[in-house]
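*Asks:* This is what each chain is made of:
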Amino acid sequence: MSDVPLIPEIKKPFYRLGEKEGLMSWVATVDHKLLGLMYMATAFLFFAVGGIEAMLMRIQLGSARNTFLSPEMYNQIFTMHGTTMVFLVVIPLMLGSGIYLVPLMIGARDMAFPRLNALGFWLLLFGGLLLYYSFVAGGAPNGGWFAYAPYSERAFNTTYGIDYWALGLFVQGIGTTLAGINFVVTILTMRAPGMKLTQVPMFVWTTFINGFLIIGALPPLNAALVMLLVDRRLDGNFFVPQSGGSSILWQHYFWAFGHPEVYIMVLPAFGMISEILPVFSRKPLFGFNAIAISTIAIAFLSYAVYAHHMFSVGLGPGFEAFFAAATALIAVPTGIKIFNWIFTVWGGKLQFTTAMLYCISFIFMFTIGGISGVTFAVVPTDWQTTDTYYVVAHMHYVLFGGTFFAVLGGIFYWFPKATGRMLPEGLGKIQFWLTFIGFNMTFFIQHFLGLMGMPRRVYTYPELTNWSLFNLISTIGAAILGLSILMLIIMMWRAIKHGERAGDDPWDGFTLEWATTSPPPIQNFDIIPPIRSRRPLWDWKHPEDPDWKRDHDGKQLSTKRSDEI
Amino acid sequence: MFEPISPHGKDIADLFIFILALGGIVFALVVGLLTYAMVTGRRRATQEGLPRQVAGNTKLEIAWTAAPAVLLIALFIPTIMVMNSSDPAKVNKDKPDVVIIGHQWWWEYQYPNGGVVTANELHLPIITDPKSNGYLIHLKSADVQHDFWVPQLGRKIDVYPDKENFLYLKPQQAGTFIGACAEYCGGQHAWMRIIAIVQPQAEFDSWLAAQRTPHTTSAPTTSVGAGQGDPKRGEQIFLNNTCINCHAINGTTAQSPIGPNLTHLGSRATLGTGIIENNPANLARWILNPGAIKPGLRMPGYQLSQEDLRDLVAYLEEQK
Numbered sequence: 000m001s002d003v004p005l006i007p008e009i010k011k012p013f014y015r016l017g018e019k020e021g022l023m024s025w026v027a028t029v030d031h032k033l034l035g036l037m038y039m040a041t042a043f044l045f046f047a048v049g050g051i052e053a054m055l056m057r058i059q060l061g062s063a064r065n066t067f068l069s070p071e072m073y074n075q076i077f078t079m080h081g082t083t084m085v086f087l088v089v090i091p092l093m094l095g096s097g098i099y100l101v102p103l104m105i106g107a108r109d110m111a112f113p114r115l116n117a118l119g120f121w122l123l124l125f126g127g128l129l130l131y132y133s134f135v136a137g138g139a140p141n142g143g144w145f146a147y148a149p150y151s152e153r154a155f156n157t158t159y160g161i162d163y164w165a166l167g168l169f170v171q172g173i174g175t176t177l178a179g180i181n182f183v184v185t186i187l188t189m190r191a192p193g194m195k196l197t198q199v200p201m202f203v204w205t206t207f208i209n210g211f212l213i214i215g216a217l218p219p220l221n222a223a224l225v226m227l228l229v230d231r232r233l234d235g236n237f238f239v240p241q242s243g244g245s246s247i248l249w250q251h252y253f254w255a256f257g258h259p260e261v262y263i264m265v266l267p268a269f270g271m272i273s274e275i276l277p278v279f280s281r282k283p284l285f286g287f288n289a290i291a292i293s294t295i296a297i298a299f300l301s302y303a304v305y306a307h308h309m310f311s312v313g314l315g316p317g318f319e320a321f322f323a324a325a326t327a328l329i330a331v332p333t334g335i336k337i338f339n340w341i342f343t344v345w346g347g348k349l350q351f352t353t354a355m356l357y358c359i360s361f362i363f364m365f366t367i368g369g370i371s372g373v374t375f376a377v378v379p380t381d382w383q384t385t386d387t388y389y390v391v392a393h394m395h396y397v398l399f400g401g402t403f404f405a406v407l408g409g410i411f412y413w414f415p416k417a418t419g420r421m422l423p424e425g426l427g428k429i430q431f432w433l434t435f436i437g438f439n440m441t442f443f444i445q446h447f448l449g450l451m452g453m454p455r456r457v458y459t460y461p462e463l464t465n466w467s468l469f470n471l472i473s474t475i476g477a478a479i480l481g482l483s484i485l486m487l488i489i490m491m492w493r494a495i496k497h498g499e500r501a502g503d504d505p506w507d508g509f510t511l512e513w514a515t516t517s518p519p520p521i522q523n524f525d526i527i528p529p530i531r532s533r534r535p536l537w538d539w540k541h542p543e544d545p546d547w548k549r550d551h552d553g554k555q556l557s558t559k560r561s562d563e564i
Numbered sequence: 000m001f002e003p004i005s006p007h008g009k010d011i012a013d014l015f016i017f018i019l020a021l022g023g024i025v026f027a028l029v030v031g032l033l034t035y036a037m038v039t040g041r042r043r044a045t046q047e048g049l050p051r052q053v054a055g056n057t058k059l060e061i062a063w064t065a066a067p068a069v070l071l072i073a074l075f076i077p078t079i080m081v082m083n084s085s086d087p088a089k090v091n092k093d094k095p096d097v098v099i100i101g102h103q104w105w106w107e108y109q110y111p112n113g114g115v116v117t118a119n120e121l122h123l124p125i126i127t128d129p130k131s132n133g134y135l136i137h138l139k140s141a142d143v144q145h146d147f148w149v150p151q152l153g154r155k156i157d158v159y160p161d162k163e164n165f166l167y168l169k170p171q172q173a174g175t176f177i178g179a180c181a182e183y184c185g186g187q188h189a190w191m192r193i194i195a196i197v198q199p200q201a202e203f204d205s206w207l208a209a210q211r212t213p214h215t216t217s218a219p220t221t222s223v224g225a226g227q228g229d230p231k232r233g234e235q236i237f238l239n240n241t242c243i244n245c246h247a248i249n250g251t252t253a254q255s256p257i258g259p260n261l262t263h264l265g266s267r268a269t270l271g272t273g274i275i276e277n278n279p280a281n282l283a284r285w286i287l288n289p290g291a292i293k294p295g296l297r298m299p300g301y302q303l304s305q306e307d308l309r310d311l312v313a314y315l316e317e318q319k
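Those sequence lines, one after another, are chains A and B. Residue 0 is where the first sequence starts when you use numbering that gives the first Met the number 0, and the numbers rise one by one after that. Residue 0 is where the second sequence starts when you use numbering that gives the first Met the number 0, and the numbers rise one by one after that.
Rather than coming from a laboratory, the hints here were simulated on the basis of the structure. Think of the CB as a built atom: it goes at the ideal place given N, C-alpha and C, for glycine as much as any other residue. Keep in mind that a hint or two might mislead.
No more than 35 Å apart at the CA atoms, straight line, and that leaves these computed lysine-lysine pairs for DSBU-like [unchecked claim]:
no., chain 1, residue 1, chain 2, residue 2
1, B, K319, B, K92
2, B, K58, A, K540
3, B, K89, B, K162
4, A, K195, B, K58
5, B, K130, B, K162
6, A, K496, A, K195
7, B, K130, B, K9
8, A, K554, A, K496
9, A, K348, A, K195
10, B, K58, A, K554
11, B, K58, A, K548
12, B, K58, A, K348
13, B, K94, B, K58
Going by beta-carbon spacing under 7 Å, a handful of chain B positions derived as facing chain A [stated by the list, open to error]:
no., residue
14, E2
15, P6
16, K9
17, L28
18, V29
19, L33
20, T34
21, R154
22, G185
23, P199
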């Protein structure tokens, strides 16, 4: 193979229905870039809704015995907040960024199944709308995002809320599964000529593994949702203890989905970090293989740890010891990643862009979330801390300080690629610090509330020492966080129209998406640089020191590649 | 949970601090390394040329794979030890000392050995015998899932309609300890609080004996008319209204187990499972419109005349 760029062969005209401009071009599109952006926009829309729900909850909890929300309203809102953030925000963010970036990063024209891709998006959107329709159809679901039986059964929950919840998630779940299949097939079959599966960028790799996770995890949830619907509307008895069903069975099904789900929500974020840190350190990712293998390890282990959500059930010491050991094991591959990221930054020439700031604070926040996570693997401390605000704090450190910080970094990093415009860096840094301070103020103190005995999912609490004070601090933090997100949305809105022109490659990137225009043309690439390593663009820009002439530890290889001799 | 009053709670608290210390070391390491990398990396950014393109270091990578694995073994052994010590294996499951039944949204406490049924205040004796595992508690639910949690006593455990759970409680210090239902159970999950009153054995025994003995309603005193209710008349109002469809009072014909048992209601500190203080004014408000205090609960309000209400409250509050 020579160093001459490849010109992709276009075998058939690009598949596109309807108009080229206007609303119809969005509705009818099968283009992965438009669909990816639609995923992101939908996620941000629901993020705004879920964020408002969070603010309402924080206002209610701002002081003891507050009467801002009725108990019934509070319960609906915390259920919708959790459900929205998990299924309609974080999953779509992970899927949408993958759908946008994966074909660009592997030098493909589109996903393997463009129409399936479109179907997945519309199922997500309408699943979400179906869920929210419950508000006008007699009451939103009020069973928590986990909907434990028998409270979610009709005997205790007579409105249609839970039915809309199950149906909405069922529809959304099909869409998510389709996207998972699409990722796996795309990454296996659509890579540009010369790109080995071991040479895909880390974000592509984590999305690839995520595809398998989705295919394994979503179907159990969908099956359980159907069983719940059968119970509620066809008088089934799967989870009704009063007539011979088992309420604990629901928990097994739900968490068999629910824990892999945690990793579905974080693996692509790991990928984003692994893309952004190297670029702003001007170095390759440290220990690519170790990160790649540890991602596989996390995916496997994630199926074997789910019952650590059930340590308070009383399932017996043998059962609990097994899941404790498996859960603790996950700390090993996670630790590998953290140290590899640190050593990616180590010895680099650092550029503290907003994206970089988010990625570095991701490492700090995720480490805090990881350490508090160990206390849930250790069964006796889990017995104390589970179902308290300590969990709320932990989980937000992983999902907000972790995943969402990575997504924010990703937005600052890839926004120029998607729109052709830069987000303002100066304002971006102010936005970063607002988010960082607001986030830590909101959630760090919740660790203490949990340890002081405050359970989760309570609409109010009695006047106990410091409870009101700590909750008020958390509420003020949430207001700052809300402001920072508002600021981000305004910044993005303005930048689309008035932002500084980005050019094709504003960050001097390493991976293929920076080899095309910003925004990329409909066919993605006119030329594809030759791919001989994990950083084709680095090799292209630095012919004197390409990656494939260097070994793992950075030493120059004297031998030439076989095809050059 | 950091002021435990039982050996079970103490073991867990100690383990938590141990994890926190280990975690703190790891966090300090991460912060230290990353800060150093940032400071030097920032300085290097002003220099000419590109940094060395290092893609890995096999020795280092093996080190940070092995080190956490060792750390986890160091954690796993105390985990198993504390699991056994803080939640010992149960013996004589058919002879529990207390049966706790979770209801939407209150707690029923039965003392099978003492023949007492009460609600919302759990009385426990101080257990000093080092050989004893403690009081054996049998937990079940009458409706949905709940969770019994008093942080200072030890672990929390779920309460199921279709699974019988058991727990040892071994309090060693007198006092009133606050807990709460820790599993979301519906509208008033927030007000399903737990009040555990730990007393010396003798005091506990006399409490048990007092609870067992039905209260004799006192005859109206001469001071009636000065705003005082007539308990005898109150008893009749209680028995002639639909109160008895749900509530029981020992020594009367009211024996329904649906709502909280009201025997010796006057001896309890709160009403509505922790939501308001127990005093005559609050009790009257509660009877007239409990839904205004605890929205969504099962009890209906009663339209009683001022006089009837006063007498009913007098009857209930008199039962200390």
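*Asks:* Hint by hint, note whether the structure agrees.
*Replies:* Here is what the structure says about each hint:
1. In summary, the hint linking B:K319 to B:K92 is supported, as the alpha carbons are separated by about 33 Å, within the 35 Å threshold.
2. Note on B:K58 and A:K540: the hinted pairing holds, with a Cα-Cα distance of about 30 Å set against a maximum of 35 Å.
3. Between B:K89 and B:K162 the CA atoms are separated by roughly 15 Å; this keeps the pair inside 35 Å, and the hint holds.
4. The suggested pairing of A:K195 with B:K58 holds, with an alpha-carbon distance near 26 Å, which does not exceed 35 Å.
5. Under the criterion of a C-alpha separation no larger than 35 Å, the hint pairing B:K130 with B:K162 is consistent with the structure, at around 28 Å.
6. As the CA atoms of A:K496 and A:K195 are separated by approximately 39 Å, the hinted pair breaks the 35 Å bound.
7. Distance restraint check for B:K130 and B:K9: the Cα-Cα separation of roughly 17 Å lies within the 35 Å cut-off, and the hinted pair is therefore satisfied.
8. Under the criterion of a C-alpha separation no larger than 35 Å, the hint pairing A:K554 with A:K496 is inconsistent with the structure, at around 46 Å.
9. Distance check on the hinted pair: A:K348 and A:K195 sit about 29 Å apart at the alpha-carbon level, within 35 Å; holds.
10. A threshold of 35 Å between alpha carbons decides the hint, and for B:K58 with A:K554 the separation of about 15 Å falls inside it, so the pair holds.
11. Simply put, B:K58 and A:K548 have alpha-carbon atoms about 21 Å apart, close enough for the 35 Å limit, and the pair holds.
12. With a CA separation close to 24 Å, the supplied pair B:K58 and A:K348 stays within the 35 Å bound.
13. Distance hint between B:K94 and B:K58 is unfulfilled; the C-alpha atoms sit about 59 Å from each other, more than 35 Å.
14. This hint is violated: B:E2 has a C-beta 10 Å from the nearest C-beta of chain A, more than the 7 Å allowed.
15. Among the interface hints, the one on B:P6 is violated; its C-beta lies about 12 Å from the nearest C-beta in chain A, farther than the 7 Å criterion.
16. Interface hint status for B:K9: violated, as the beta-carbon distance to the closest one in chain A is roughly 11 Å, over 7 Å.
17. At about 9 Å, the closest approach between the beta carbon of B:L28 and any beta carbon in chain A exceeds 7 Å, and the interface hint on this residue is violated.
18. Residue-level restraint check for B:V29 holds (minimum Cβ-Cβ distance to chain A is 5 Å; threshold 7 Å).
19. Here the hint on B:L33 is kept, as its CB sits about 5 Å from the closest CB of chain A, short of 7 Å.
20. The criterion of a C-beta within 7 Å of any C-beta in chain A is not met by B:T34, whose closest approach is roughly 10 Å, and the hint is violated.
21. The beta carbon of B:R154 is positioned within 7 Å of a beta carbon in chain A (closest approach about 3 Å), and the interface hint is therefore held.
22. Of the supplied interface hints, the one on B:G185 holds, with its beta-carbon coming within about 6 Å of a beta-carbon of chain A, less than 7 Å.
23. At about 25 Å, the closest approach between the beta carbon of B:P199 and any beta carbon in chain A exceeds 7 Å, and the interface hint on this residue is violated.
Checked against the numbered hints given earlier, the structure breaks hints 6, 8, 13, 14, 15, 16, 17, 20 and 23 and satisfies all the rest.
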